[in-house]
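Put together the whole structure using the sequences plus the hints.
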Amino acid sequence: MQVNQEFKPTIVAFCCNWCSYAGADLSGTNRLQYPANVKIIRIPCSCRLNPMFILRAFQRGADGVILCGCHPGDCHYTTGNYYARRRMTLLFSMLDFLGIERERTRVEWVSAAEGAKFAATMNEFVETVTKLGENKRLEDLRCKS
Amino acid sequence: MKKCPVSQLDALFASVAARQKLYIPAGEAKTAAFQPWQEGMKLTDALNTVRSAKDLFFPQVENLVNFKVTGKQIEIIENRDPSEPFVVFGVRACDCRSFDILDKVFLCDPVDTYYKTRRENGVIMTLACTEPEETCFCTAFGIDPTDPAGDVSCWMDGENLYLRANTEKGETLLSELPMLSDGDAPAADKTVFDRLPLKNLPLDKFGGEHMMELFKYEKWAGLAESCLGCGACTFVCPTCQCYDIREFNTGDEIKRFRCWDSCMYSDFTLMSAGQPRPTQLERFRQRFMHKLVYYPSTHDGEFGCVGCGRCLQKCPISMNIVKVAKTLGEETT
Amino acid sequence: MQELIKAKAVELLENGVCDRVLGWKAGEFFYDVTPAVFRSREEIEKDFVFGPFCGANMSKYLIAESRKEGKIAAFLKPCDTYSFQQLQKEHRIRRENVYAVGVQCEGMCDIDAMKAAGIKGILGADGDGGTLTVHTLYGDKSVERKTVLAERCKCCKSKKLLGCDEIIGGQGEELESNRFAQVEKLEAMTPDERFAFWRGELSRCIRCNACRNVCPACSCEKCVFDNPASGVENKAAANSFEENLFHVIRAFHVAGRCTDCGECSRVCPQHIPLHLLNRKFIKDINELYGDYQAGADMDTRPPLVNFQTDDPEPSVVHERGSEQ
Chain A
730 MQVNQEFKPT
740 IVAFCCNWCS
750 YAGADLSGTN
760 RLQYPANVKI
770 IRIPCSCRLN
780 PMFILRAFQR
790 GADGVILCGC
800 HPGDCHYTTG
810 NYYARRRMTL
820 LFSMLDFLGI
830 ERERTRVEWV
840 SAAEGAKFAA
850 TMNEFVETVT
860 KLGENKRLED
870 LRCKS
Chain B
304 MKKCPVSQLD
314 ALFASVAARQ
324 KLYIPAGEAK
334 TAAFQPWQEG
344 MKLTDALNTV
354 RSAKDLFFPQ
364 VENLVNFKVT
374 GKQIEIIENR
384 DPSEPFVVFG
394 VRACDCRSFD
404 ILDKVFLCDP
414 VDTYYKTRRE
424 NGVIMTLACT
434 EPEETCFCTA
444 FGIDPTDPAG
454 DVSCWMDGEN
464 LYLRANTEKG
474 ETLLSELPML
484 SDGDAPAADK
494 TVFDRLPLKN
504 LPLDKFGGEH
514 MMELFKYEKW
524 AGLAESCLGC
534 GACTFVCPTC
544 QCYDIREFNT
554 GDEIKRFRCW
564 DSCMYSDFTL
574 MSAGQPRPTQ
584 LERFRQRFMH
594 KLVYYPSTHD
604 GEFGCVGCGR
614 CLQKCPISMN
624 IVKVAKTLGE
634 ETT
Chain C
-8 MQELIKAKAV
2 ELLENGVCDR
12 VLGWKAGEFF
22 YDVTPAVFRS
32 REEIEKDFVF
42 GPFCGANMSK
52 YLIAESRKEG
62 KIAAFLKPCD
72 TYSFQQLQKE
82 HRIRRENVYA
92 VGVQCEGMCD
102 IDAMKAAGIK
112 GILGADGDGG
122 TLTVHTLYGD
132 KSVERKTVLA
142 ERCKCCKSKK
152 LLGCDEIIGG
162 QGEELESNRF
172 AQVEKLEAMT
182 PDERFAFWRG
192 ELSRCIRCNA
202 CRNVCPACSC
212 EKCVFDNPAS
222 GVENKAAANS
232 FEENLFHVIR
242 AFHVAGRCTD
252 CGECSRVCPQ
262 HIPLHLLNRK
272 FIKDINELYG
282 DYQAGADMDT
292 RPPLVNFQTD
302 DPEPSVVHER
312 GSEQ
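Residue numbers (the numbering used here), protein chains in the order written: chain A, 730 to 874; chain B, 304 to 636; chain C, -8 to 315.
There could be a bad hint or two in this list.
Claimed, not checked - To list a few chain B residues with every Cβ distance to chain C over 12 Å, as calculated:
id: 1; residue: Pro308
id: 2; residue: Ala321
id: 3; residue: Arg322
id: 4; residue: Phe370
id: 5; residue: Lys371
id: 6; residue: Gln376
id: 7; residue: Lys419
id: 8; residue: Phe444
id: 9; residue: Thr449
id: 10; residue: Met459
id: 11; residue: Ala468
id: 12; residue: Glu479
id: 13; residue: Phe518
id: 14; residue: Glu556
To be verified - Derived DSBU-like pairs: lysine-lysine, alpha-carbon spacing no greater than 35 Å straight-line:
id: 15; chain 1: C; residue 1: Lys37; chain 2: C; residue 2: Lys(-1)
id: 16; chain 1: B; residue 1: Lys519; chain 2: C; residue 2: Lys37
id: 17; chain 1: C; residue 1: Lys176; chain 2: C; residue 2: Lys111
id: 18; chain 1: B; residue 1: Lys306; chain 2: B; residue 2: Lys502
id: 19; chain 1: B; residue 1: Lys502; chain 2: C; residue 2: Lys132
id: 20; chain 1: C; residue 1: Lys106; chain 2: B; residue 2: Lys345
id: 21; chain 1: C; residue 1: Lys132; chain 2: B; residue 2: Lys629
id: 22; chain 1: A; residue 1: Lys873; chain 2: B; residue 2: Lys419
id: 23; chain 1: A; residue 1: Lys865; chain 2: B; residue 2: Lys333
id: 24; chain 1: B; residue 1: Lys345; chain 2: C; residue 2: Lys132
id: 25; chain 1: C; residue 1: Lys(-3); chain 2: B; residue 2: Lys626
id: 26; chain 1: B; residue 1: Lys626; chain 2: B; residue 2: Lys502
id: 27; chain 1: C; residue 1: Lys62; chain 2: C; residue 2: Lys(-3)
id: 28; chain 1: B; residue 1: Lys371; chain 2: A; residue 2: Lys768
Stated by the list, open to error - Computed footprint of chain B on chain C, listed as stretches where at least three residues anywhere in the stretch have a Cβ under 8 Å from a Cβ of chain B:
id: 29; stretch: 12 to 21
id: 30; stretch: 26 to 36
id: 31; stretch: 197 to 211
id: 32; stretch: 257 to 271
It is worth saying that the hints were derived from the structure and are not from the lab.
For glycine and all other residues, C-beta sits at the position ideal for the given N, C-alpha and C.
Rendered as structure tokens:
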């Protein structure tokens, strides 16, 4: 292990196939910069995100988890993101209730045309999580050796 | 026999803890547990801990070994949790007897080295009971709660703690404690134990002789019907010893560990052909047949239960070994 | 009360309304009653009891019992009836196979609370209404029921009996309860304090699954935590992460369906206040999406399978938090 290295958080970004994943693609084709430590996982719709995925991302070493989906009203499946919105609100509130830093989780709506927003969101989220430091409260030590 | 004033208990604990790790039963009555002793820690008011002293010798989860795969090579990495000498104080007679039962399982061939190491490292200081709960029935299994076994037996009255070493390990421990003086414990008052409501558990029918008859007994269905299939009884039990070996993939290596298992669970001893005990009825029967019939039939009639009463207190629906033993013991011939 | 219920049970059996009765069976002591199915007058007369320790929620048993042949009569307390309706809504109980008799409840007692109140050598307890007669080795004592109630009954939300075929002991009303007080207390803490609180509680978990198996809302045929193919199957919580994972996911899975019957906390051998997790979800749902009581009716959509286009954004959690 290197010492004295600047802390680079691992960020998992769950992106819906129809808007946000295309948005991430656009930010790439436009050569917009966002940190390489953001790992994108494509999901069919934001409502596919099982709360378990978020917790397991933390278990496997994520320091922050962000969900990106179509703007409310624009879901490819009409209503998926409305359900996701309720679920994530409640889940984040529960994590906060358990004393887990609420800034580690976020939802952002990113359309296929918002390449710039995607990059800006990621830059800002990475910065926030970097300030928070390593995920300690939802870590699984077995995965850290 | 040695004695030590109760007022000097903290000094006694400090002196033991200075040499090796010391666990005492501490905490609120509802959540009492064996905890590493720290300055100022008091003994719990509860008669017994929620989980038994078994945990210190056979923990709920323990690492066995790690594997690392690189190309076609498998590297085997020793990953045993370190075990150091320790003393556990305040073990009741029932929990102490449970080690006889566990030893017969883990220390027979092939020896379980993980358990054996902890047994060798651990010194058990028992504490005699004076105020049993109504759920206590250790006397039904021939245990004398006023004269517990262990490496060191202890008695406590309002003024003094009396200690008697029973083994070499116990002698060594006591010889290292400067605050002890000579003194004999007053005779124990056993009358309260004669009034215990469950002391006359009918156990004559159990053991190997009536195995098939008991197995096929039609009342199992009625007994098992409200069982929720949780593992509360098995996990608070001092004699339950079933475990499962599992593996956890960290993404980098494989960690093989073992954890307690419960015969009440639907995936207990699951095989490729399916579940040998398909419904809760068979799982429920397995637990009680094991304690009352299978274990004694292979261990000279010794029962696999010590009457600590934890399952009576903790079962969500209050079905327990006493109700089973009474139903089966009284009515079969 | 007990005599009324026993007479009703016998009557229902003998009139052929049902062929079996779900009730409570006497145990070794007066407080360790077991839910049981009775099939004859003799069984009922011998062992059927109803008293201040009949806390188990009977609706869970109706999932399996209502799928058997014949009709079962069940005695349900007000909180059981909320679960009963919720389970019907989820198509888990076959209503036509159940004859539901609502039983009014004065609140169930906790044997530990009785002992903590300094009553020794307890041999029995009975009495309806506000005062209990406790029989002890040292004579009878009268005790105010409200001082020895189970935690969940101290803040009872409703004494309304829902969707029953018949009622014994009179219909009750929804009550003004302060059941969210403890949740509010935790919300007012700092994240560090909350984290320390929950670590202290959840670290005692022994993964016996009693909370899950007793929960009427946990009615999956195969739980994800029992499924080797799920990748999260764990028989023991190996570390703090797995303790959090199990309880967060379980609470989340019953969110919007949990009727707040409090069984999870009643059965926990380690006395972990698990109901607070469920109540946190209920409180959030009430505040963010409008008041909702699971099981209170048969037709509204549960909040997690419903939405409004103007629901608050998840960032509300951050904003709300910063005010505290």
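Evaluated hints:
1. A cut-off of 12 Å between C-beta atoms confirms that B/Pro308 is not in contact with chain C; the least separation is 28 Å.
2. Listed as outside the interface, B/Ala321 is consistent with that label: its C-beta sits roughly 27 Å from the nearest C-beta of chain C, beyond the 12 Å cut-off.
3. Consistency note on B/Arg322: stated as away from chain C, and its beta-carbon is indeed over 12 Å from all of that chain's, at 28 Å minimum.
4. Distance check for B/Phe370 against chain C: the nearest CB is about 17 Å away, which clears 12 Å, and the non-interface claim stands.
5. At the 12 Å boundary, the C-beta of B/Lys371 stays outside the reach of chain C, the nearest C-beta of that chain being 19 Å off.
6. The beta carbon of B/Gln376 is kept farther than 12 Å from every beta carbon of chain C, the shortest such distance being approximately 26 Å.
7. Against the 12 Å criterion, B/Lys419 stays outside the reach of chain C, whose nearest CB is about 21 Å from its own CB.
8. Against the 12 Å criterion, B/Phe444 stays outside the reach of chain C, whose nearest CB is about 17 Å from its own CB.
9. The non-interface label for B/Thr449 is consistent with chain C: the shortest C-beta to C-beta separation is roughly 20 Å, beyond 12 Å.
10. With a least beta-carbon separation of about 20 Å from chain C, B/Met459 lies farther than 12 Å from that chain, consistent with its non-interface assignment.
11. Under the 12 Å C-beta cut-off, the non-interface status given to B/Ala468 relative to chain C holds; the minimum distance is some 33 Å.
12. Every CB of chain C lies more than 12 Å from the CB of B/Glu479, the least distance being 33 Å, so the non-interface label holds.
13. Consistency note on B/Phe518: stated as away from chain C, and its beta-carbon is indeed over 12 Å from all of that chain's, at 22 Å minimum.
14. No Cβ of chain C approaches the Cβ of B/Glu556 within 12 Å, the least distance being about 15 Å, so the stated non-interface status holds.
15. Note on C/Lys37 and C/Lys(-1): the hinted pairing holds, with a Cα-Cα distance of about 15 Å set against a maximum of 35 Å.
16. Between B/Lys519 and C/Lys37 the alpha-carbon distance is near 25 Å, which keeps this suggested pair within the 35 Å criterion.
17. The suggested pairing of C/Lys176 with C/Lys111 holds, with an alpha-carbon distance near 33 Å, which does not exceed 35 Å.
18. In summary, the hint linking B/Lys306 to B/Lys502 is supported, as the alpha carbons are separated by about 31 Å, within the 35 Å threshold.
19. With a CA separation close to 27 Å, the supplied pair B/Lys502 and C/Lys132 stays within the 35 Å bound.
20. Under the criterion of a C-alpha separation no larger than 35 Å, the hint pairing C/Lys106 with B/Lys345 is consistent with the structure, at around 21 Å.
21. Our distance criterion of 35 Å between C-alpha atoms is met by C/Lys132 and B/Lys629, whose separation comes to about 31 Å.
22. Of the pairs offered as hints, the one joining A/Lys873 and B/Lys419 holds, with about 30 Å between alpha carbons and a cut-off of 35 Å not exceeded.
23. Note on A/Lys865 and B/Lys333: the hinted pairing holds, with a Cα-Cα distance of about 30 Å set against a maximum of 35 Å.
24. In summary, the hint linking B/Lys345 to C/Lys132 is supported, as the alpha carbons are separated by about 32 Å, within the 35 Å threshold.
25. Between C/Lys(-3) and B/Lys626 the CA atoms are separated by roughly 22 Å; this keeps the pair inside 35 Å, and the hint holds.
26. A distance of roughly 13 Å separates the Cα atoms of B/Lys626 and B/Lys502; the hinted pair therefore holds under the 35 Å criterion.
27. Proximity of C/Lys62 to C/Lys(-3) is assessed by CA-CA distance (about 18 Å); at most 35 Å being required, the pair is judged to hold.
28. Taken as a hint, the B/Lys371 and A/Lys768 pair is honoured in the structure, with Cα atoms around 25 Å apart against an allowance of 35 Å.
29. Check on the stretch 12 to 21 of chain C: 3 of its residues sit with their Cβ under 8 Å from a Cβ of chain B, so the three-residue criterion for coverage holds.
30. With 3 residues bearing a CB less than 8 Å from a CB of chain B, the stretch 26 to 36 of chain C meets the requirement of three and the coverage assertion stands.
31. Only residues whose beta carbon comes within less than 8 Å of a beta carbon in chain B count, and the stretch 197 to 211 of chain C has 8; three or more means the coverage holds.
32. Coverage of a stretch by a chain is defined here by at least three residues with a beta carbon nearer than 8 Å to that chain's beta carbons; for the stretch 257 to 271 of chain C and chain B the count is 5, and the condition holds.
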